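A.B. asks: Below, each chain spelled out in residue letters.
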Amino acid sequence: MAMDKLYEFLTGPALWITVIIFAGGLAIRLAWLFGLSQERDKPWHDFKSAVWAWRSIIHWVLPWASVSSRNQPVFTGAVWVFHICWIGVPLFLGAHNMLFEQAWGWSLPSLPDAVADWASLAVIACGVFFLLRRLSRPEVRILTSAWDYTLVLLALAPFVTGWLAFNQYGPYGLMLNLHIFLSEVLLIVLPFSKLAHMVLFFASRSAIGYEFGTRRGARVW
Amino acid sequence: MTAEAQKAADEAQENAAASPETEAPKPVNVGKIKTILAANEGARMRMWLSICSRCGLCAESCFFYLAKDKDPKLSPAYKAIHTIGKMYKAKGEVSREFLEECKEVVWGQCTACRRCSMYCPFGIDIATMIATARAVCYSQGIVPDGLARTTENIRTTGNQMAMATEDWIETCDWMAEEYGEEVHGLEIPMDKPGADYMYTVNPREPMYYPQDVGMAAEIFHIAGLNWTMPSTGWDSTNLAMFAGDRAVATIPVKAMYDKALELGVKAIVITECGHAFRSAKFEGPYWVGIPGGEPPVPVIHSVELFRNIMREGKIKLKHKFKHKVTYQDPCNVSRNGGLWDVGRELVNMLCDDFVDMTPNREHNHCCGGGGGFIPMGPPYKKRRMESGKIKAEQIRATGATHVIVPCHNCFDQINDLNKEYDLKVKVVSFKEIITEIMEIPESMIPPEEDEQEDVLAEEEAKREVEEGAMEEAGEVQES
Numbered sequence: 001m002a003m004d005k006l007y008e009f010l011t012g013p014a015l016w017i018t019v020i021i022f023a024g025g026l027a028i029r030l031a032w033l034f035g036l037s038q039e040r041d042k043p044w045h046d047f048k049s050a051v052w053a054w055r056s057i058i059h060w061v062l063p064w065a066s067v068s069s070r071n072q073p074v075f076t077g078a079v080w081v082f083h084i085c086w087i088g089v090p091l092f093l094g095a096h097n098m099l100f101e102q103a104w105g106w107s108l109p110s111l112p113d114a115v116a117d118w119a120s121l122a123v124i125a126c127g128v129f130f131l132l133r134r135l136s137r138p139e140v141r142i143l144t145s146a147w148d149y150t151l152v153l154l155a156l157a158p159f160v161t162g163w164l165a166f167n168q169y170g171p172y173g174l175m176l177n178l179h180i181f182l183s184e185v186l187l188i189v190l191p192f193s194k195l196a197h198m199v200l201f202f203a204s205r206s207a208i209g210y211e212f213g214t215r216r217g218a219r220v221w
Numbered sequence: 001m002t003a004e005a006q007k008a009a010d011e012a013q014e015n016a017a018a019s020p021e022t023e024a025p026k027p028v029n030v031g032k033i034k035t036i037l038a039a040n041e042g043a044r045m046r047m048w049l050s051i052c053s054r055c056g057l058c059a060e061s062c063f064f065y066l067a068k069d070k071d072p073k074l075s076p077a078y079k080a081i082h083t084i085g086k087m088y089k090a091k092g093e094v095s096r097e098f099l100e101e102c103k104e105v106v107w108g109q110c111t112a113c114r115r116c117s118m119y120c121p122f123g124i125d126i127a128t129m130i131a132t133a134r135a136v137c138y139s140q141g142i143v144p145d146g147l148a149r150t151t152e153n154i155r156t157t158g159n160q161m162a163m164a165t166e167d168w169i170e171t172c173d174w175m176a177e178e179y180g181e182e183v184h185g186l187e188i189p190m191d192k193p194g195a196d197y198m199y200t201v202n203p204r205e206p207m208y209y210p211q212d213v214g215m216a217a218e219i220f221h222i223a224g225l226n227w228t229m230p231s232t233g234w235d236s237t238n239l240a241m242f243a244g245d246r247a248v249a250t251i252p253v254k255a256m257y258d259k260a261l262e263l264g265v266k267a268i269v270i271t272e273c274g275h276a277f278r279s280a281k282f283e284g285p286y287w288v289g290i291p292g293g294e295p296p297v298p299v300i301h302s303v304e305l306f307r308n309i310m311r312e313g314k315i316k317l318k319h320k321f322k323h324k325v326t327y328q329d330p331c332n333v334s335r336n337g338g339l340w341d342v343g344r345e346l347v348n349m350l351c352d353d354f355v356d357m358t359p360n361r362e363h364n365h366c367c368g369g370g371g372g373f374i375p376m377g378p379p380y381k382k383r384r385m386e387s388g389k390i391k392a393e394q395i396r397a398t399g400a401t402h403v404i405v406p407c408h409n410c411f412d413q414i415n416d417l418n419k420e421y422d423l424k425v426k427v428v429s430f431k432e433i434i435t436e437i438m439e440i441p442e443s444m445i446p447p448e449e450d451e452q453e454d455v456l457a458e459e460e461a462k463r464e465v466e467e468g469a470m471e472e473a474g475e476v477q478e479s
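Just so you know, the sequences run in chain order A and B. In terms of this note's numbering, the first sequence is residues 1 to 221. In terms of this note's numbering, the second sequence is residues 1 to 479.
No lab work stands behind these hints: they were computed from the structure. Don't take every hint at face value.
Lysine to aspartate or glutamate pairs mimicking EDC-like chemistry, simulated, CA-CA at most 16 angstroms apart [as the list claims (entries may be wrong)]:
| no. | chain 1 | residue 1 | chain 2 | residue 2 |
| --- | --- | --- | --- | --- |
| 1 | A | LYS48 | B | GLU294 |
| 2 | B | LYS86 | B | GLU100 |
| 3 | A | LYS42 | B | GLU294 |
| 4 | B | LYS318 | B | GLU436 |
| 5 | B | LYS389 | B | GLU436 |
| 6 | A | LYS42 | B | GLU101 |
| 7 | B | LYS320 | B | GLU432 |
| 8 | B | LYS34 | B | GLU93 |
| 9 | B | LYS322 | B | GLU294 |
Covered stretches of chain B (in silico footprint by chain A; criterion: 3 or more residues with CB under 8 angstroms from a CB of chain A, positions within the stretch not fixed) [said to hold, decoys possible]:
| no. | stretch |
| --- | --- |
| 10 | 70-79 |
| 11 | 85-99 |
| 12 | 114-124 |
| 13 | 232-246 |
| 14 | 372-380 |
Only a predicted model underlies this, so the values are computations on that prediction, with no experimental measurement involved. For every residue, glycine included, the Cβ atom is placed at its ideal position computed from N, Cα and C.
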């Protein structure tokens, strides 16, 4: 049937392409930026410090650990919950781990299904909060373009379709294929968009950590 | 030049030919812009432009935004995206009209205080992006007049006020004489090789406030420091840095470094000025091209030096400063200089009644006078009085009668804010306070006036006796 053929394609060649572009894209982007930095970002290299990189990063990974994030505590809480679940669910979902096991013979520990279910809803709820915030706060709305709205929706899409599929709402085959397809689109777009902050967050935070910390003993939180 | 840019240039020329009365706007030199953009397009700039998630957290960090009833167009991200962001997106192919609009933002709505850089979750150094936009505008001759003039002064004379070396030396001599009447033995050494400290100033001191020079000399003399003024490289300010002219910005820094190395001094001291410290200690080494990014001779700010002098007991106080004071954390001494606790230590050593502003230390708000605003002059005064509302409210809330301000631009701005917002405060520098309350050691107190007359009379009598003796001897010899 059409849905089965599509499934084969999406979990076969399409998945391969996705993984290559996702992992390769991020790796190449990082390597290229690093190479560029040798020439044009001397202060970064001159003032590298593991201590200040760590401090700069940890004060923004932990919620409410910076003055700026304490100024908007609800937003900060939502960002934290969103990110933990957004990363945690795909990695520790039972259904995904069964597939990993099938494909490579190993898998990560699995979350109880009920937990994963609620975590997915948490991602969606936080996402809706971000959209509403973006629409209601003037200083955020003025910065937001169509692409920003698209990316939020794209980031939520795998969770919406995944939750619907798992809980068997809608035609299962279609929902499952949509889930895989949208996830693949997301992963392909990620390295080339602001979603690359997945890895670049650490690079940019360490840079400002050196600039203010190593050079001036100043806190950037 | 691209086909588009060439077309625009041709059109401009045609327009000029068609109506000779109206001056066609000078075409933009896209090549120059591309060079500047490329030089700054490193890993950091690329990341910053790419990963800004448009979260808007930077808005509340910016005093321009807060002072103007939270106008979203004043959020740092908005300002950066619509200036440097657009410049990169257009690959430098922008119009003169666009750059004139940018000028209003990057100079009129930002002091490069870097508070936003601290408040961004990704650590995007927004203020530095604005500084790059300044360099682009400047390359096309688009810059506030006040900064253009001072930059030209630096280019031709080495200092922002075009003060001749002879006048500089003369002013120092004059102050040595004046202050020597209060402190016996006071000198202002010039180009003393091997001195510990080489002191550098803001030209507005010798030009308009020479007593600042005298007060510094008083403090150093009483503290028994081995110090010198330099005859060249004495201007540590750097308005070219604010103008976005990196080439000219190198001039005063290089002169200062060269002189310090020539004299073999142990440290360069910066007067109570904010951006001079930033220019000499942090930005300068990169302009001059020193690998490793450190100045060739350690650079310390007056606040550090005064603190050390007081800590080491080199100056005794008659009494502490009696008024209720607050402390202005200049952006380039505190947030961008790391000296917020040093300043506080000094304040507490000198004053009994100190109340901090809120927020303070590295989180303090910019006064609104930095980033070139003061030298930008009257056309920008209204804007800095408006944005300075935040600083004015901070000061008023402390209930202090005196504000200690170790930065010339903050000094002028806060004086203006004092009048504008009727704050009823007096603005003082550390030099003023220290010289007011310090004890002059007995050996340095010049003799009293009657005592001086007696001394003169004694010397007169001695001379007569000697002359008399010589005459006698002469007579004896002659005969």
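A.B. asks: Now tell me, hint by hint, if it's right for this structure.
C.D. replies: Results of checking the hints against the structure:
1. A:LYS48 - B:GLU294: At roughly 14 angstroms apart (the allowed maximum being 16 angstroms), GLU294 (chain B) and LYS48 (chain A) satisfy the hint.
2. B:LYS86 - B:GLU100: Holds, at roughly 14 angstroms.
3. A:LYS42 - B:GLU294: Distance of about 12 angstroms is within 16 angstroms: holds.
4. B:LYS318 - B:GLU436: 9 angstroms, holds
5. B:LYS389 - B:GLU436: 31 angstroms, violated
6. A:LYS42 - B:GLU101: Roughly 31 angstroms between the alpha carbons, so the hint for LYS42 (chain A) and GLU101 (chain B) is violated.
7. B:LYS320 - B:GLU432: Between LYS320 (chain B) and GLU432 (chain B) the Cα gap is close to 13 angstroms, so the pair holds against 16 angstroms.
8. B:LYS34 - B:GLU93: 8 angstroms, holds
9. B:LYS322 - B:GLU294: At roughly 40 angstroms apart (the allowed maximum being 16 angstroms), GLU294 (chain B) and LYS322 (chain B) break the hint.
10. 70-79: holds (count 6)
11. 85-99: violated (count 0)
12. 114-124: With 8 residues in contact (Cβ-Cβ under 8 angstroms with chain A), the coverage given for the stretch 114-124 of chain B holds.
13. 232-246: With 0 residues close enough to chain A, the hint is violated.
14. 372-380: This one is violated; 0 residues, fewer than the three required, reach chain A with a Cβ under 8 angstroms.
Violated hints, in rising order: 5, 6, 9, 11, 13, 14; the structure is consistent with all others.
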